[in-house]
Amino acid sequence: MNDRRDIKVVVNGRHIFESVEPRLLLSDFLRQTLGLTGTHVGCEHGVCGACTILFDGHATRSCLMFAVQAHGHAIETIEGLAESGAIHELQQAFMKHHALQCGFCTPGMLVVAYDLLKFSPMLSSHAIREGMSAALCRCTGYWNILKAVEEVANLPERRAAADERPPEIGARPI
Amino acid sequence: MTTAQFVGQSLRRKEDARLTSGQGRYIADIRLPNMAHVAFARSPFAHARIRKIDVAKAQALPGVVAVYFAQDLAGDLEPLRGILTTPPLAWRSHVQHAINIPEQPLLARDTVRYVGEAYALVIAENRYVAEDAVELIEPDFEPLAVLAEPSQALAPDAVLIHPDLKTNVVGAFRLSKGVDHADLPSSLRRIRRRFENHRFLASPIECRGVVAEYDGRNNSISIWSATQVVHWVRAEVAKQLKLPEAQVRCIAPDVGGGFGVKGRVYSEEIILPFLARKLRRPMSWIEDRQEHLLNSTHARDDVHEAEIVFDDDGKIVSLKDDLVFDAGAYAPSGIACLANVSTHICGPYRVPNFAFSATAVATNKAPNAPYRGTGRPEGSFVIERLLDLMAHELAVDPVDIRLRNMIGPQEMPFRPGLPYRDGVPIVYDSGDYPRSLRLAINALGGLSEFRSRQQQAWRAGRYLGLGIVSYVEGTGVGPFEGATIRIDSSGGIVVATGACSSGQGHETVFAQVAADEWKVEPSDVTVLISDTAVIANGFGTLASRSAVVSSSAIRKASAVLRQKVLEVGAHLLECDVGDVELRDGGVAVKGIPHVVSLKEIALAAHPGSKRRPPGVSGGLEVTEYFEPPTVTWAYGTHAAVVEVVADTGEIRIEKYVVAHDAGVLLNPMIASGQIMGGVCQGIGGCLLEKVVYDAEGQNLTGSFMDYLIPVAAQMPPIEIIHTETPSPLNELGVKGLGEGGVVGPPGVIANGVCDALRHLGLEVNRSFIDQAKIIAAFAQADAKERAR
Chain A
1 MNDRRDIKVV
11 VNGRHIFESV
21 EPRLLLSDFL
31 RQTLGLTGTH
41 VGCEHGVCGA
51 CTILFDGHAT
61 RSCLMFAVQA
71 HGHAIETIEG
81 LAESGAIHEL
91 QQAFMKHHAL
101 QCGFCTPGML
111 VVAYDLLKFS
121 PMLSSHAIRE
131 GMSAALCRCT
141 GYWNILKAVE
151 EVANLPERRA
161 AADERPPEIG
171 ARPI
Chain B
175 MTTAQFVGQS
185 LRRKEDARLT
195 SGQGRYIADI
205 RLPNMAHVAF
215 ARSPFAHARI
225 RKIDVAKAQA
235 LPGVVAVYFA
245 QDLAGDLEPL
255 RGILTTPPLA
265 WRSHVQHAIN
275 IPEQPLLARD
285 TVRYVGEAYA
295 LVIAENRYVA
305 EDAVELIEPD
315 FEPLAVLAEP
325 SQALAPDAVL
335 IHPDLKTNVV
345 GAFRLSKGVD
355 HADLPSSLRR
365 IRRRFENHRF
375 LASPIECRGV
385 VAEYDGRNNS
395 ISIWSATQVV
405 HWVRAEVAKQ
415 LKLPEAQVRC
425 IAPDVGGGFG
435 VKGRVYSEEI
445 ILPFLARKLR
455 RPMSWIEDRQ
465 EHLLNSTHAR
475 DDVHEAEIVF
485 DDDGKIVSLK
495 DDLVFDAGAY
505 APSGIACLAN
515 VSTHICGPYR
525 VPNFAFSATA
535 VATNKAPNAP
545 YRGTGRPEGS
555 FVIERLLDLM
565 AHELAVDPVD
575 IRLRNMIGPQ
585 EMPFRPGLPY
595 RDGVPIVYDS
605 GDYPRSLRLA
615 INALGGLSEF
625 RSRQQQAWRA
635 GRYLGLGIVS
645 YVEGTGVGPF
655 EGATIRIDSS
665 GGIVVATGAC
675 SSGQGHETVF
685 AQVAADEWKV
695 EPSDVTVLIS
705 DTAVIANGFG
715 TLASRSAVVS
725 SSAIRKASAV
735 LRQKVLEVGA
745 HLLECDVGDV
755 ELRDGGVAVK
765 GIPHVVSLKE
775 IALAAHPGSK
785 RRPPGVSGGL
795 EVTEYFEPPT
805 VTWAYGTHAA
815 VVEVVADTGE
825 IRIEKYVVAH
835 DAGVLLNPMI
845 ASGQIMGGVC
855 QGIGGCLLEK
865 VVYDAEGQNL
875 TGSFMDYLIP
885 VAAQMPPIEI
895 IHTETPSPLN
905 ELGVKGLGEG
915 GVVGPPGVIA
925 NGVCDALRHL
935 GLEVNRSFID
945 QAKIIAAFAQ
955 ADAKERAR
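Same order as they appear, the protein sequences are chains A and B. Each residue of the first sequence is one higher than the last, beginning at 1 in the numbering used here. Each residue of the second sequence is one higher than the last, beginning at 175 in the numbering used here.
FYI, nobody ran anything at the bench for these hints, they're computed from the structure. Small disclaimer: the values here were computed from a predicted structure and weren't measured. Do not rely on the hints blindly, as some may be mistaken.
[Stated by the list, open to error] Label pairs and their computed distance ranges (CB to CB):
1. A:G13 with B:G620: 42 to 48 Å
2. B:P236 with A:L64: 25 to 31 Å
3. B:E870 with A:Q69: 37 to 43 Å
4. B:D314 with A:Q69: 38 to 44 Å
[Stated by the list, open to error] In the PhoX-like style, the derived pairs of lysine-lysine whose C-alpha atoms are separated by at most 20 Å in a straight line are:
5. B:K351 with B:K413
6. B:K764 with B:K738
7. B:K829 with A:K147
8. B:K489 with B:K351
9. B:K413 with A:K96
10. B:K738 with B:K784
[Stated by the list, open to error] Part of the chain A face toward chain B, derived, beta carbon under 8 Å:
11. F17
12. A50
13. T106
For each residue, glycine too, the CB sits at the ideal point set by N, CA and C.
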């Protein structure tokens with residue numbers, strides 16, 4: 001088990017060089033090697049979505065990847081998105097609509113929502129509901145999460161931006 | 175004396191800034207220097223004798239610190255004997271009972287009794303190596319006969335899961351009032367049915383976990399645990415490690431959901447501190463999802479043989495229920511679930527005669543213990559299905575049958591004549607039950623409107639049904655919760671209480687309560703919870719209790735401290751204490767604008783200060799305990815329009831309404847969130863979630879691919895209507911509401927489906943709705959039609 005690989009990853013804009021075991025999960029790499037514990041682990045088999053991160057800009061389950069697969073790629077976690085202000089509107093809407101209780105699923109939910117709105121700016125309520133079904137929440141019963149995401153989707157500045165570019169639809173490189 | 179300014183406001187939560195930015199700190203986020211990682215070897219057999227465990231290979235793996243099995247703990251640690259397993263004396267003296275709770279070994283020694291039970295553990299430098307080593311442990315099991323169902327365990331020749339108990343019955347009791355069923359006139363109508371509540375579980379998105387650290391300087395232990403009951407963990411660890419409680423501290427960090435499954439002491443919470451002390455290293459164990467689904471406590475899982483006796487007017491004369499509860503291999507919370515069924519099954523209805531028996535039976539399944547609702551949904555399912563069957567027999571509307579039997583507001587307070595779980599005779603303290611039923615039906619568009627829509631839909635080949643459940647909910651149970659209130663030298667108000675939040679927003683709501691008490695802003699209040707170091711005695715957050723008992727303790731302690739603050743303030747203002755009041759973050763003379771701030775008062779009252787009035791002791795700190803006389807009764811009605819799709823058996827909930835009364839609401843936004851989340855869990859529990867064991871006692875639902883938690887797209891529209899009838903049992907008028915949301919869904923959905931399919935004569939008497947049965951009922955009706 002002492003076989004290690006050197007990897008280069010950009011995490012939240014920082015260039016990281018690390019030597020890791022090939023079997024180290026990306027979620028554990030982020031949480032334990034880098035101390036970015038905002039990414040949570042709820043099932044470790046890709047269902048719950050608490051570990052969702054952006055991998056080259058796309059929402060991805062970090063528990064279903066190895067750290068070595070991130071070599072040469074860019075990752076953003078909840079910490080990076082919060083610090084850069086990218087999810088500011090979503091955070092505010094989550095607080096306003098009581099879209100979290102225990103908060104354990106929340107980082108994953110925010111990343112899923114950010115990804116959903118980024119790639120499909122013109123979203124119907126139905127599409128938001130389907131899109132947000134990518135992650136499990138056990139506390140809220142979901143409606144407050146949907147309300148929060150819908151409010152951000154309908155912000156005037158988002159609407160204006162959406163009018164300017166066509167929705168991106170297509171295969172995602174995962 | 176206080177006027178509410180912040181209580182009742184939907185203030186945003188203090189917790190949310192950290193939790194929406196990845197700054198929460200959960201159990202798996204805690205890393206201590208030199209921390210070792212623990213993984214457990216868990217039984218693949220439901221029932222087997224352990225002949226031998228060979229750990230040589232595991233021990234030899236590089237990175238392994240040690241391997242332990244039961245013999246390594248023997249002599250130092252005792253089995254778990256739950257402290258809640260013995261009901262209070264007042265209950266025992268009222269109720270005929272035989273309680274026989276087995277001890278639960280921390281690690282199985284000679285016998286494993288369910289799939290997932292731990293029989294060995296590995297300590298290693300990291301989790302990966304620990305799990306590798308678990309795979310290298312070579313146990314030699316001799317499989318024993320498996321008792322997969324209570325019926326097998328009750329057979330006269332059944333093997334004994336706990337031979338020392340000489341029976342597989344781990345608890346039984348009966349209680350009754352009024353006339354025996356057999357002595358009731360034969361002219362009365364009777365409906366007898368079997369009802370089943372299936373096994374499912376809380377499964378919060380964060381699993382459990384424990385971190386422990388030993389400090390040799392003062393022989394003390396710190397435990398971090400994803401728990402709802404830090405003081406209980408402290409007590410058990412202190413007892414097991416033979417330490418004074420002062421040398422044991424338990425902290426619950428941010429906890430990622432609890433719902434009861436984290437509301438008791440588990441073996442890992444004893445083992446980890448023991449290992450940390452023994453090996454002089456911090457220890458971490460983080461449960462994975464498979465462990466959680468196999469090994470953390472499951473819930474519900476009972477069978478009722480119930481009979482209701484009623485007259486031609488649809489009035490209930492008597493209810494009889496004989497319940498068998500599948501306790502699993504151990505019964506860590508004793509008969510708590512069964513006692514709750516007995517106290518909630520009569521609901522908000524007049525039931526003049528009542529006979530109840532409960533039998534908890536050990537089987538080779540994971541232990542069964544309280545999960546949100548705890549007996550309330552199970553009992554409600556029975557009476558609410560029976561009410562709909564009565565309505566059907568008498569050809570009256572289910573709404574009408576409920577109104578004929580419901581306790582009216584003029585009958586409050588109402589005494590059903592039965593003891594609560596705390597042994598105190600039940601008194602429904604306040605409320606207007608029929609109003610909640612009417613509000614719920616109106617929110618669905620009104621009864622006659624629905625019935626005509628239902629007729630139209632039938633003619634068009636669509637099957638709509640109305641499902642209703644009305645319920646009462648004992649909340650805010652004792653024996654106590656405490657609060658320490660302190661005003662520090664900065665003038666800030668510190669509130670410490672024994673509650674442990676796992677998402678309820680305690681830091682926010684308790685700040686609201688305290689802000690009203692002290693005429694300050696909630697931002698001036700610091701709330702300390704979930705830590706045995708902040709208050710000497712605590713009980714914890716479970717059973718819909720913290721809003722009632724912690725808030726009342728905060729109010730009680732504030733009242734005592736307020737007197738001292740007014741005295742010091744009056745002294746500084748050079749006037750009589752009767753002339754001053756709390757105002758604008760300080761003390762002022764009534765009618766005069768000048769305010770002496772709490773900071774000035776705190777400095778004047780500080781030990782060593784010469785500015786205190788004569789005879790007043792130094793410091794501003796008071797601890798008081800609120801000991802409620804008994805529970806306060808929240809109530810409500812859930813109602814939904816349900817559609818059954820003929821071809822697929824799919825159940826669609828068009829709209830789900832909750833009319834709920836939990837007395838005065840501290841923060842309506844948070845209250846609604848609790849109800850919404852509960853309804854979601856309840857609906858998931860009926861339509862998606864089921865723990866499945868096969869005949870060999872194998873758990874077939876060990877991942878989220880098999881055990882299905884609802885997602886956003888599966889939630890129906892839910893409307894919540896709050897009414898607020900204050901409780902007379904506490905000054906704030908608060909009742910608890912954490913569990914109400916899960917009580918309704920089983921009965922609402924089953925009643926709705928039956929109402930939609932009346933023409934097929936289908937009865938749904940199991941809480942997990944089997945779509946295959948619905949399809950079969952349609953097919954059978956089609957076949958009959960064709961034969962004609």
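- Which of the stated hints cannot be reconciled with the structure, identified by number in ascending sequence? 1, 5, 9 and 11
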